[in-house]
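**Student:** Letter by letter, the chains look like this.
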Amino acid sequence: MINNVKDRKSKVIMRKKLFGFILCFSVILPLAAQKKYSEAALAKRIDSLLGKFYQKVKTRPGTPINDETFLRRIYLDVVGRIPTLEEVKNFLNSKDLNKREKLIDALQRSPGYVSHNFNYWADALRVLDRGGNITRSYSNFIKSSLIKNTPYDVFVRQMLNAKGSLYDYKNGAVNYYMRDKGMPLDNLSNTMSLFLGTDMSCAQCHDHPFDRWTQKDFYQLAAFMNGIKTGGRDKEAQTAFRKYVSKEKDKQKTILSRFLLNSKDKVSHMGTGLIQLPSDYSYEDHKPYDYVRADVPFGPKVSLKKQPAIPKKTPKGKVAGSLADINSREVFSKWLTSKQNPMFTKTIVNRMWDKAMGAPLIGDSLLEIGLKSEGPNKYLTAELIKQMQYLKFDLKKFEKVLYLTKLYQTKSRSTEINYAKKEKNYNQAPLVRRLSAEQIWDSFQVLKLGNIDKTLDFSVKLDSYQYFYELHKNKTSQQIINLIPNKLPFWRDYFKNLESAAAKYSQKLSGKSPKAEPSANTDKKKKRKGGNSVRVLRNPRASELAQPMRPGSPLRELGQSSRELIDSKSLESSAPQAMLLMNKIVSEITNSQRFQLMRDIKSGKSSTDKITNAFLAILTRKPTSTELRDFSSLVSGKNQDGLKHLAWILMNSNEFKFKY
Amino acid sequence: MNLFKKDELSRRHFMAQAAAAYLGVNAISGLNNNLLGQQKVSVKSKVDSVIYIFLKGGLSQIDSFDIKPDFAGGKGAGAIKTSLNGYRVSKYFPKMAKVMNKMCVINSMSTGTAAHEQAQYLMNTSYEMRGTIKHPHLGAWVSKYLPSYSKDIPPFIKINPGQSLGRGYFEAKHSALPIGDPALGLQNSKLNGMSQKDFEHNMALLRKVNANFGNTYKTDNIKSYTESYEGAVKLMKSKELEVFDINKEKKSVLDSYGDTDFGKACLLARRLAEKKVRFIDVTMGTWDHHYDIYDNEYFPTSAKILDDSLSALITDLSQRGMLDRTMVCVVTEFGRGPNLDVRNGRVHYPTAFSCLMAGGPVKRGYVHGKTDANCARVIEDKMSPEGLNATIATAMGLDYSKTITAQGRPFKIAHKGKPEMALFS
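Chains A and B are the protein sequences, given in the same order.
According to my numbering, the first sequence holds residues 1 to 660 in order.
According to my numbering, the second sequence holds residues 1001 to 1425 in order.
The set of hints was computed from the structure by calculation and includes no laboratory data.
It is possible that part of the hints are untrue.
Straight-line alpha carbon distances no greater than 27 angstroms define the calculated DSS-like cross-link-like pairs of lysine-lysine that follow [what the hints assert, rightly or not]:
| # | chain 1 | residue 1 | chain 2 | residue 2 |
| --- | --- | --- | --- | --- |
| 1 | A | Lys355 | B | Lys1234 |
| 2 | B | Lys1402 | B | Lys1276 |
| 3 | A | Lys406 | B | Lys1218 |
| 4 | A | Lys584 | B | Lys1173 |
| 5 | B | Lys1234 | B | Lys1248 |
| 6 | B | Lys1248 | A | Lys584 |
| 7 | A | Lys372 | A | Lys386 |
Bound conformation, chain A alone:
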């Protein structure tokens, strides 16, 4: 009897497995690693899977979008801004049958791609460029990875294995750990959420109440990262500093010594593979302060090359001395980014899908996906995972594949997905989403200044610390102290001199002649006389401003992430935000004659041309006949300011703020 039931069950399972296998093959052929597939061919495979899926769940695909909607969508997605009027007209007038793919290629090659994707990853990686010991090299690291198009798995490993000087401008990856200085367990929680879609933050303090993770699981993972040292002076620098300040009476010199010795700050140690449980560990399997060895809670097994030795403890549980470094971080980073890790590829596929389509592929979260979750369409999930690995984690190519799908080029859904009522994303259409603060900011910059990508300059600019490090990286702390001049009127002057020398050095590095870019101070004075805002003209894009901007600043009011939590940008509205748009950002554009937008609008000959130009420049589409009628009285009447009002209305419209 029992055997029979078991038999029946296993038959059912076999049938199901076989059916799945057949379905998989009937839908699509496997990807052969040796064969070369174009991005278009890969996109077709996705569309074909979607087509079969629509049949299965008895739904229909949406309607294809026209060139205007495609144009706006692809500019916002690839370069993070709306197209200029000129770019709109060129594209709409082109008769090239392959113009959409060609545009994707051109945009992905543009510096705007780097700027926009930097903003995206700055939110995910919680990039700060000030505070604590974080340096602007974090931003430089991300931008240069985007420029080089570093494969995603390599990019992640570079951060997880980062070590060395904080002020080496080529070593920005160390900021991944510096960002969470003093909070290694939180750093690990974030690593698990961001790269493996696995939220273990509860297990940091107690067994996860709903999920499988135990506190011990978490500590076994934390053991890989244990022993890592973030910043701070090493012993040698500490001793040199103490000795110096105890003798030196000149306050300015002691202050300077402190700052100069910061150039010794670094991230070091590659992991001990061993960690003590916390003092309040309260489960039966271990006592507080017990040692646990590094291990992983899922995925391929790992083995440490060297097993850590478990040291003796005092009766109170504390340990004298330090643990040996056994390079366990590297083992962890290999496991995390392995193709066999069931979460790594799935998590980045889920994220890239969300970025392009406006909703995650699996479930409703990017940071908590579930070990077994495959999403509503598991064949699609499997295919995308295969494609990502086939493309060797080249995100640029992967995104191009997504942009080429019929799905991407479909009219957006009219509503959101109601996850609360258990609705699933069947992917008939992309979703409407508000533009990010940076996309809104950069789009306004387009309306002010035209093509803002031309002025993007990603060459490395060293700050005074980084420059000082370059000059003196091989010196001991004592030798660095010896550099302090005998007569020092004010310590800040020392840095001012360094700053201007650093600017010259940076220009040399990027091969520019020093005259091309005058120092910041003189430039400011000159521009002020001309009446133009220096900041806006020199750094038009959000990616080139402070990371993040201060609260209360326009970008933050528009929802720029405070970078405290992963993906924490806000897309919400508020009354102060509406006032900021109406009475500051938008009206500054319409009130001024010197910006691109009003010139573009006025270049139209008839009032219909002018209205059309306004619609094309702001909303990337022609006006409907009703809209033409509605606005023609505004523009052609006695109202001198009709065009200004037209532009004001369109820039304040909901349509402008949403990607649809």
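Starting from the known structure of chain A, fit chain B onto it as the hints suggest.
**Tutor:** Frame of chain A, contents of chain B only:
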């Protein structure tokens, strides 16, 4: 593959976990998510508004309100008599000395957190800073759980905001309204280069354009954008906006608060409290005196600004009869080392520090808690930021003991803190 390794995990362990979770959830969902109603403890007179002055960097307790003139490390502060019999403050606070009979001093604050950001976070939220969740500022709790008196002005306002607007895991509408410059008031509330008539005409056309888009795309966020614009139109017309303009005050009042950013911020805070804005955060920096603390440009300068403006605020509130329904709290990150270090400065010192309160149900002319002769540790009535926040919440009529759920986890307004009833009269 050891993907299912955990399936072999003792079932008993799993059941225990699950049971704890369900019990927890039941316990939480059985509660009312409202912090109002019958309080566990209550005070005689609740306050309408809190003016929450945050001294960034860490106020030196031994140089201000917990002086130790007989101890070597505390000699530099001097000592002057105050209007509160038997209690002396440092020579840097002559004006505050005159109003100490209205103040409640807490000299027994203590935490274990000596880093700026973490300490500020703990003080504002009652929770330790984590990289995986953001807890709301006390002001955001107030915004969420206390009814607002004003329809147009948000209940939580931050003057001179820091890096965070404090909403934590609450909705964006519970973020503080930031006022960057108290002299300029609320930004962007006036039309810019456009007549009211043109504006109304434009709004009518904008509504039409939006209706078109809204017929095709019907997400909640699109709808809320339309609502926010209408809210802004209302706010711009609101008479209540005048409250943000400190220039409406008499010159003598302006002068009494002092011609400094902090003075103006205190004056604006009083104007907002007059309109019963619930929670006004005023941040003043910086008190991080690591070097030559007594050099004129450091502690003495900061102390003078605080002394001038805070005493003016207390006096003004008192004269206007507002002190019963307005509570002033002066909090900081931590104290400073009782001994001067080699640089004649003071290090961060969380073990013992001071905070001030005034108004509402709080005792007037009272010193709570005590440190030892060297100001090294608290020897009486130790208080934590959680306890302080529970006290503030109680004074506002919010129940510190109630649990709410956010992101599936239980939270309380002051974490594990309980109100210090000895502070209330």
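**Student:** So which hints don't hold here, by number, going up?
**Tutor:** Failing hint: just 1.
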